[in-house]
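**Q** In case you want the letters, here they are:
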Amino acid sequence: MGRDAHARAILGDELCSQLANTRVLLVGAGGIGCELLKTLLLTGFGHITLLDLDTIDLSNLNRQFLFRKKDVKQSKALVAAEAAGPFNPACKIEPIHADIFEPRFDLAWFSGFDIVLNALDNLGARLHVNKMCISANIPLVESGTAGYMGQVQPIVKDRSECFACMPKETPKTFPVCTIRSTPSTPIHCIVWAKSYLFGKLFGESEDDEAEFAEALKNGENPNEIAELRVEAAAFTKIRSSLNSPKAPALVFDKIYNADIKRLLGMEDMWKSRTQPVPLEYTAIRSGTFVIPERKKPGTQKAMNVVVNGHSNGKKAVNGSGTADSAGGLKDRKALSLEDNVELFASSVQRLAKRQAATSQPLSFDKDDDDALDFVTATANLRAICYGIQTKTRWEVKEMAGNIIPAIATTNAMISGLIVLQALHLLKKSYDRMRSVYVRTKPTAPLGVSTMAPPNPYCAVCRDVYVPFPCNPEIAVLGDVLRAIGIAKAEDEDDDNDEEMNGAEEGKVMREAYVYEGNRLLFEPEMGENAKKTLAYMGVTWGKSLTIMDYDGKVVNLVLVLLPLPPDHGADAKPFVMPSTLPTLPARPPPSAPSAPPTPAKPTLKRSAPEDDELIDDTRAIKRIRTEGGAVKAPAEKETTIREENGVLILDDDEEDNVIELD
Amino acid sequence: MARSHVDEAALYDRQIRLWGFDAQTRMRNATVLVLRLRGTACEVIKNIVLAGIGTLKILDDAEVTELDLGAGFFYREEDVGKKRVDAAIPRISALNPLVNIVSLSSPLDLSDDSLHALFLNIDLVCATDYDRPTLEKLDEACRKQGKQFYAGGTLGSYGYAFCDLGEHSYVSQDKTKPNAPQIRKTFKYASLSTALKASWSHLSKRDTKELNPEVVFSILAVWEYSARHGVMPNSYDTVHELQAIANELLGAAQVNKLVLKAMPEKHVELLATTAPYEISPVCAVLGGFLAQDMLKAIGGREAPMANLFTFDGMGGGGTVCRLGMKGAV
Ligand SMILES: [Zn+2]
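So the protein lines, in turn, are chains A and W. All letters in the first sequence, in the order written, are residues 1 to 662 by the working numbering. All letters in the second sequence, in the order written, are residues 1 to 329 by the working numbering.
Keep in mind the hints are simulated off the structure, nothing from the lab. A couple of the hints might just be wrong.
Below, computed lysine to any residue pairings styled on SDA-like, alpha-carbon distance capped at 20 Å [said to hold, decoys possible]:
hint : chain 1 : residue 1 : chain 2 : residue 2
1    : A       : K333      : W       : A10
2    : A       : K441      : W       : H168
3    : W       : K177      : A       : I403
4    : A       : K157      : A       : F174
5    : A       : K69       : W       : I101
6    : W       : K177      : A       : T440
7    : A       : K366      : W       : A10
8    : A       : K73       : W       : L11
9    : A       : K441      : W       : A303
10   : W       : K266      : A       : D431
11   : W       : K209      : A       : T450
12   : A       : K73       : W       : A10
13   : A       : K69       : W       : V6
14   : A       : K428      : A       : K73
15   : A       : K333      : W       : D22
16   : W       : K177      : A       : N402
17   : A       : K428      : W       : M314
18   : A       : K441      : W       : K177
19   : W       : K185      : A       : T440
Just so you know, these numbers come straight off a predicted model, no measurement behind them.
Just need the whole structure built from these sequences, with the hints factored in.
**A** Structure below.
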């Protein structure tokens with residue numbers, strides 16, 4: 001009896017033999033990935049390609065059990081493959097330390113796998129893999145975890161919803177004025193410190209104009225915007241003296257005194273808001289500063305002043321870090337006004353020195369102690385100005401770094417559930433496919449829902465994908481369109497008008513828009529691009545052309561660019577069309593108001609698959625708090641859905657839902 | 001401040017953000033005894049060692065066989081013939097050097113004195129892959145000494161977990177609401193013997209259905225069969241007996257007949273032929289669930305299950321029945 005005797009007894013000989021020949025792509029070697037790699041090996045999968053861009057961090061070790069302290073900073077994919085290999089020496093693991101967005105991981109590459117398993121944490125990569133699997137028609141098992149919660153979703157084109165069928169939660173942006181002038185919560189202060197102030201002082205000096213224009217367009221107060229322009233300009237001056245010993249005082253006076261006073265001058269702003277108070281650097285440091293009483297708006301009830309400004313340094317401001325016994329740790333200590341000022345001064349000097357040494361712009365990183373000190377202190381001082389609760393360094397790290405709590409147990413359960421669903425897919429037992437939810441519901445901690453049909457308006461899985469071997473340097477867009485029966489532009493003054501019109505062969509030409517991603521390349525009224533080569537327009541191998549029907553009567557046709565076969569003659573056409581193009585199904589009338597825009601390619605941030613962080617837009621800040629982005633709502637009838645930390649959770653209406661048996 | 005304390009905070013950062021420092025401290029001060037070292041136990045141990053319990057004791061007297069390599073990721077081919085604990089201990093220690101690991105390779109002696117001695121200085125006992133009479137005996141001994149008791153294991157593609165925490169208090173907080181208060185609750189658990197005598201008669205049709213009695217009673221039927229025969233069912237020939245036992249148990253528990261009149265063959269048939277075997281994905285689910293619940297019990301944070309969890313791997317779902325418990329005290 002061999003190591004697979006148990007598996008053979010449970011799964012049967014046929015499936016076990018199939019597993020040995022199954023080629024699996026596992027995307028992500030983090031929290032879920034480590035557990036999943038182990039479970040795949042032990043279950044008897046024979047060929048695993050493990051891809052991850054990320055490197056190992058100390059904070060991974062509480063759950064990513066294939067990694068040790070000595071592995072910190074090494075490639076996750078390589079170390080995981082090495083550590084897990086002995087679990088089943090018969091399995092071939094190919095680790096790849098790379099970004100799944102690289103063009104070499106194209107349609108042909110994805111087509112080489114029998115099944116793809118996502119163990120990713122960022123929404124962009126998850127959507128990308130979903131799209132690749134849909135276009136290559138490879139089954140996918142999607143997954144994500146956040147704390148005690150997790151979910152597994154099997155995806156098979158045309159048989160189930162895809163990952164893009166339901167709209168995903170996107171990072172929330174705060175109005176510019178809330179962040180720059182009128183913060184009212186700790187996160188507003190932290191966003192200001194991390195995404196605005198840090199960049200202004202140490203980052204790439206970027207232009208605010210675009211942001212201001214956008215804010216005006218969104219109806220924000222023009223007077224405030226005008227003030228913010230002035231404020232921004234003053235930073236240029238400050239930056240030039242960051243290395244002087246006086247830098248902390250200069251910066252402090254500007255942001256916590258001059259800017260606050262200037263804002264106070266805009267009386268309209270404070271009619272219904274509590275006024276901020278300016279702080280005085282020298283007075284705080286010499287112990288003589290007392291926080292002035294806040295002027296409250298007449299219409300509102302008095303605000304609690306959570307800050308004690310006495311300069312004895314004993315009385316700490318709020319910070320909830322003292323709630324448990326860890327208050328003794330430096331990170332968890334509530335910081336007084338004086339503590340924050342000292343942390344401010346020292347972190348400004350440390351960052352200025354680093355920047356001067358390299359003359360490279362710095363960017364915020366939650367694991368950079370100097371940067372975190374700076375954001376903690378500057379956010380807290382701003383909070384003190386505005387009478388907002390301050391936060392400990394530990395709390396600021398979580399809020400500024402979009403940290404999602406993560407534990408081994410949820411990841412272990414999810415990995416098991418992924419493999420069980422993968423077995424159904426490989427057996428083609430599609431009726432047994434289920435989305436499974438790990439949740440905190442007392443009576444049903446592992447909930448299931450049957451597969452919902454694809455969203456008829458989905459811009460990913462309702463499109464028809466056609467591999468399109470071509471030489472993009474030579475292939476001309478107009479020729480490609482003619483070959484697939486798209487009418488040329490009306491205003492095109494081409495000599496070969498007749499030919500371009502494609503009236504030959506009696507083909508009925510239809511009109512269409514042509515996109516690459518969300519770039520519009522061609523439309524019936526604008527045909528200049530028809531004469532250009534694909535490469536000229538940046539459409540190369542790995543990218544695709546989306547042909548969107550002008551009348552919206554049929555679904556999109558997507559040509560996925562691939563290299564020409566090696567035996568393709570040099571003189572032959574620079575592209576190969578399939579002998580018969582697939583018939584495009586009719587698109588249902590656009591009645592649903594929630595139909596996703598077409599083509600709905602999200603802005604994909606090409607970040608490393610890491611299970612702690614998510615898409616972190618510099619301005620935008622509300623995070624999708626899961627170890628993998630938003631989770632879609634399952635289609636179950638008798639339960640309601642609530643949102644917890646960005647994870648949609650099935651829940652019964654009852655408050656404390658327990659069923660007692662006695 | 002001690003450097004090690006800071007390092008621990010960094011190492012455990014992502015979980016402390018979930019359950020708080022106090023729960024982490026209680027975990028660090030806890031001693032857990034795991035009985036038997038098959039696939040589910042490997043998963044449980046990995047999870048609680050990573051989480052940072054203080055001391056782990058493992059008792060198992062068997063030797064590694066080639067069969068153990070299927071779900072036992074602490075074993076390698078060259079370990080076949082060694083004591084399971086001897087093969088596993090170095091790999092367990094490597095997971096987290098901060099955890100103190102102790103192994104015992106003597107057989108489990110169920111005499112009162114022996115169990116009393118074994119459970120001294122233990123906070124929580126986790127018994128994996130035992131038959132029901134043994135579990136009842138272990139639970140009884142744990143109750144006497146005021147130890148938290150967990151049982152769990154897999155039966156082919158099915159799995160179960162049970163806990164008896166005596167009188168247990170915990171703190172929970174609704175994280176969906178900002179500044180929600182921390183609430184302390186206390187529950188009185190039932191012994192395994194009491195729990196298995198519980199009646200389902202008062203449950204509504206909907207509540208009964210939600211608990212998936214087909215799966216629950218198929219698993220309980222395997223327990224009863226094993227108790228009667230001293231071995232697990234292991235062939236098609238046992239299907240009818242298993243089915244008959246399941247029907248007896250359904251009748252005794254007065255399960256709502258509108259939901260389940262008689263046990264269909266579906267689950268018992270699969271269990272009849274696969275119950276003695278284990279596969280990694282099912283062990284991962286059970287080991288993850290058990291360990292998570294043990295950590296909740298040790299940390300005194302969030303509600304542990306109450307009190308019988310059953311899992312159907314091929315169906316995907318898992319439910320918890322509250323058996324023989326009167327609820328909050
Ligand atoms: Zn879709």
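**Q** Now tell me, hint by hint, if it's right for this structure.
**A** Tested hints:
In summary, the hint linking K333/A to A10/W is supported, as the alpha carbons are separated by about 15 Å, within the 20 Å threshold. The hinted pair formed by K441/A and H168/W meets the criterion: a straight-line CA distance of about 19 Å does not exceed 20 Å. Restraint check for K177/W and I403/A: the C-alpha separation of about 18 Å stays at or below 20 Å, so the hint holds. Between K157/A and F174/A the alpha-carbon distance is near 37 Å, which puts this suggested pair outside the 20 Å criterion.
As the CA atoms of K69/A and I101/W are separated by approximately 19 Å, the hinted pair is consistent with the 20 Å bound. The hinted pair formed by K177/W and T440/A meets the criterion: a straight-line CA distance of about 16 Å does not exceed 20 Å. A hinted pair counts as satisfied when its Cα atoms are at most 20 Å apart, and K366/A with A10/W qualifies at roughly 13 Å. At most 20 Å may separate the alpha-carbon atoms for a hinted pair to count; K73/A and L11/W meet this at roughly 15 Å.
Pair hint K441/A plus A303/W holds up; C-alpha atoms about 10 Å apart against a cutoff of 20 Å. Annotation: proposed proximity of K266/W to D431/A holds, straight-line Cα distance about 16 Å (limit 20 Å). A threshold of 20 Å between alpha carbons decides the hint, and for K209/W with T450/A the separation of about 17 Å falls inside it, so the pair holds. Distance check on the hinted pair: K73/A and A10/W sit about 15 Å apart at the alpha-carbon level, within 20 Å; holds.
Of the supplied pair hints, the one linking K69/A and V6/W holds, its CA atoms being roughly 15 Å apart against a limit of 20 Å. Pair hint K428/A plus K73/A does not hold up; C-alpha atoms about 40 Å apart against a cutoff of 20 Å. At most 20 Å may separate the alpha-carbon atoms for a hinted pair to count; K333/A and D22/W meet this at roughly 15 Å. At roughly 18 Å between alpha-carbon atoms, K177/W and N402/A fall within 20 Å of each other, so this suggested pair holds.
With a C-alpha separation of about 14 Å, the suggested pairing of K428/A with M314/W holds against the 20 Å cut-off. A hinted pair counts as satisfied when its Cα atoms are at most 20 Å apart, and K441/A with K177/W qualifies at roughly 17 Å. For the given pair, K185/W sits about 16 Å from T440/A by alpha-carbon distance, which is consistent with the 20 Å threshold.
Hints 4, 14, counting from the list given before, are not met by this structure.
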